[in-house]
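Visitor: From first to last, the protein sequence lines are chains F and D. In terms of my numbering, the first sequence opens at residue -6 and continues consecutively. In terms of my numbering, the second sequence opens at residue 2 and continues consecutively.
Honestly, the hints are just simulated from the structure, not real lab data. Hints are supplied without guarantee of correctness; some may be wrong.
[Claimed, not checked] A few chain D residues that don't get close to chain F, going by computed Cβ distances all over 10 angstroms:
1. Pro70
2. Val82
3. Pro90
4. Thr107
5. Thr153
6. Ser204
7. Asp208
8. Val212
9. Pro219
10. Val233
11. Gly315
12. Glu342
13. Ile343
14. Ser357
15. Pro370
[Stated by the list, open to error] Derived coverage of chain F by chain D (criterion: at least 3 residues anywhere in the stretch with Cβ under 8 angstroms from a Cβ of chain D; other residues may be distant):
16. 47 to 57
17. 110 to 122
By construction, the Cβ of each residue, glycine as well, lies at the ideal position given by its N, Cα and C atoms.
What follows is the residue order along each chain.
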Amino acid sequence: MRHSTLPRLILAFIAAVVIATVWGSIVQTQFNLNALAGIGVEISLGVRISTTLSDIFTGFSLTYGGYVILPSLLCAFVAAWFISRSQPEHAILWFAAAGTAGVLLGNPIVNYLSPLALLVGATRDTLCLLLMALGGTLAGIVFVSIARRDALPHRVSSGQHVMN
Amino acid sequence: MSKLLALPLVAQILISVWSVVAIAQPPDGTQLAYQAESDYQIEIVADQLEHPWSVAFLPDERMLVTERPGRLRLVDETGLVAEPISGLPEMLVSGQAGLFDVLPATDFASSHIIYLSYAHGDMDVNSLRVARARFDGQQLVDLTPIFTAIPTKSGDAHFGGRMAWLDDGTLVFGTGDGFYFREDGQKLDTHHAKIVRINQDGSVPADNPFVGQSGVRPEIYSYGHRHVQALVPDGDTLYAHEHGPRGGDELNKIIPGANYGWPVISYGRDYSRAAITPFTEHQGMVQPIYYWTPSIAPAGMTLYRNNRFPQWQGSLFVAALAEESVRRVELDAAGDPGMQEILFAEVGKRIRDVRSGPDGALYLLTDHPEGQLLRVVPRNDANATENLQTVDNRPGGQ
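One chain only, chain F, in its complex shape (with noise of 0.2 angstroms):
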């Protein structure tokens, strides 16, 4: 790996793990604000914009972004860069699919190993956690994007690639 490559990687991760993160604290917030309409409470536009910036801002990010996100998208695209090297024409896709498993795996991993039966509360529903998943597919695609063609596996030519 070339050193010039490794702060744009490091650009790239940082921007997958604030898109993932930010994705999935949007996500949760609306299931919990929604499990509240079911019983009853009016939940008005203003009331759910402030409670979605809030917890963007105001703590979830950082425990969710640091317990959860930042660790799955770590060992999921360490893993995607691996198989990228057989294919690294299909990077984009394989780094997609490893920060969709990073999220989904990333949750119930941190679950057991945490004292607590849930963090993510909102998560006990699976369409909930499903969807916060697809912040990690955004974060793979944002992760290569920004990385560029240089900075990851890559062929140089006909049947051989590169690992910078």
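Dock chain D against chain F, hints included.
Guide: Frame of chain F; chain D shown alone:
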């Protein structure tokens, strides 16, 4: 591009750090005091108790102690009786589930009846159950379930289980939301997340607040509770406290039929720091008389009415698991909380239960695999029990 992406992250980190600092402040400026020069001493009455959960006093100075893994132990004048009391029912023992409270009948001296609360079922299908049985001195006989929470649920968390007698002879006890079913707090067709009131035989008191209403469990006394941890009657007042999530542990005065709001209102956030609800107040929902943020994780509770510690007369004592202490909460003439004092932190253990003994001492249970039954008596008390090991609670003591 890189600056653009870095800005939200930096802002998020700064705001999150700020929120952690902000949430650590006392909620309303309540005065706190620490016991600098203790005027009590702590004796070890029994140890080698596995996660003891509740202690009850029998008329003949013996004590019953529940252990969460499903054992009921007897403590007599010689200490902990080696053999657990036999005749207990099968129960779910996992996580927070197991044997919870023990409560002697109001006429125990003549009937020898005790009441037990425990988790009944398995991991997939379970409920809080209350049963009564006769204690013949060595074993339980004629054990009869008198209440099983409906509907059954899965999981091994948030059962509630604390029981108390009201002055009219009815039995009240708290339940929990099962952790995964918090919306049940607002549903009256389920016993989850409620305070329940029944007669001594399990029948429904005719004056329960929801008797006769269609689609409502008639045993419900109040609702909207997350995970009730203690109930203490004082005349016409019933105090209860409950675990909040991350913050928002509540002390409440219970009004029959009232809605205490969970999960629509709460002063806590989810363990992930997500908002469980954006509301702390809502029409028709009762406010706590006090809330603890950050959480102390309240457990047992007692109202001290004895002259052995005259300075503690009339105070509520709240065992705290997370804070590893007991909170003494002074009550004003209206029964509302005033100054609080943090006691027994020198024990250095999670405190599961605190009770006022008939001898005027305070009794504590530590929540550990090798838990202890402790007795708090005045320092240099003439009535202190001889030959008991003590916990040195003086500053610098071991």
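Visitor: For every hint, state whether the structure bears it out.
Guide: Here is how each hint holds up against the structure:
1. Distance check for D:Pro70 against chain F: the nearest CB is about 18 angstroms away, which clears 10 angstroms, and the non-interface claim stands.
2. Every CB of chain F lies more than 10 angstroms from the CB of D:Val82, the least distance being 33 angstroms, so the non-interface label holds.
3. No Cβ of chain F comes within 10 angstroms of the Cβ of D:Pro90; the nearest lies about 25 angstroms off, and the non-interface call holds.
4. With 10 angstroms as the threshold on Cβ separation, the claim that D:Thr107 sits away from chain F holds: the shortest Cβ distance comes to roughly 36 angstroms.
5. Look at D:Thr153: its CB is around 17 angstroms from the nearest CB on chain F, clear of 10 angstroms, so calling it non-interface holds up.
6. For D:Ser204, the shortest C-beta to C-beta distance to chain F comes to about 30 angstroms, beyond the 10 angstroms cut-off, and the non-interface label holds.
7. Every C-beta of chain F lies more than 10 angstroms from that of D:Asp208, the closest at about 27 angstroms, which supports listing it as non-interface.
8. Once the 10 angstroms rule is applied to beta carbons, D:Val212 is consistent with being away from chain F; the minimum gap is 23 angstroms.
9. Distance check for D:Pro219 against chain F: the nearest CB is about 21 angstroms away, which clears 10 angstroms, and the non-interface claim stands.
10. The beta carbon of D:Val233 sits about 28 angstroms from the closest Cβ of chain F, which is more than 10 angstroms, so the claim that it is off the interface holds.
11. Listed as outside the interface, D:Gly315 is consistent with that label: its C-beta sits roughly 37 angstroms from the nearest C-beta of chain F, beyond the 10 angstroms cut-off.
12. At the 10 angstroms boundary, the C-beta of D:Glu342 stays outside the reach of chain F, the nearest C-beta of that chain being 29 angstroms off.
13. Remark: the non-interface label on D:Ile343 is consistent with the geometry, its nearest Cβ contact in chain F lying 24 angstroms away (cut-off 10 angstroms).
14. Under the 10 angstroms C-beta cut-off, the non-interface status given to D:Ser357 relative to chain F holds; the minimum distance is some 31 angstroms.
15. No Cβ of chain F approaches the Cβ of D:Pro370 within 10 angstroms, the least distance being about 15 angstroms, so the stated non-interface status holds.
16. Coverage of the segment 47 to 57 of chain F by chain D holds in this model, with 11 residues showing a Cβ closer than 8 angstroms to a Cβ of that chain against a need of three.
17. Judged by the Cβ-Cβ criterion of 8 angstroms, the segment 110 to 122 of chain F is covered by chain D as claimed, because 7 of its residues qualify and three suffice.
Violated hints: none; the structure is consistent with every hint.
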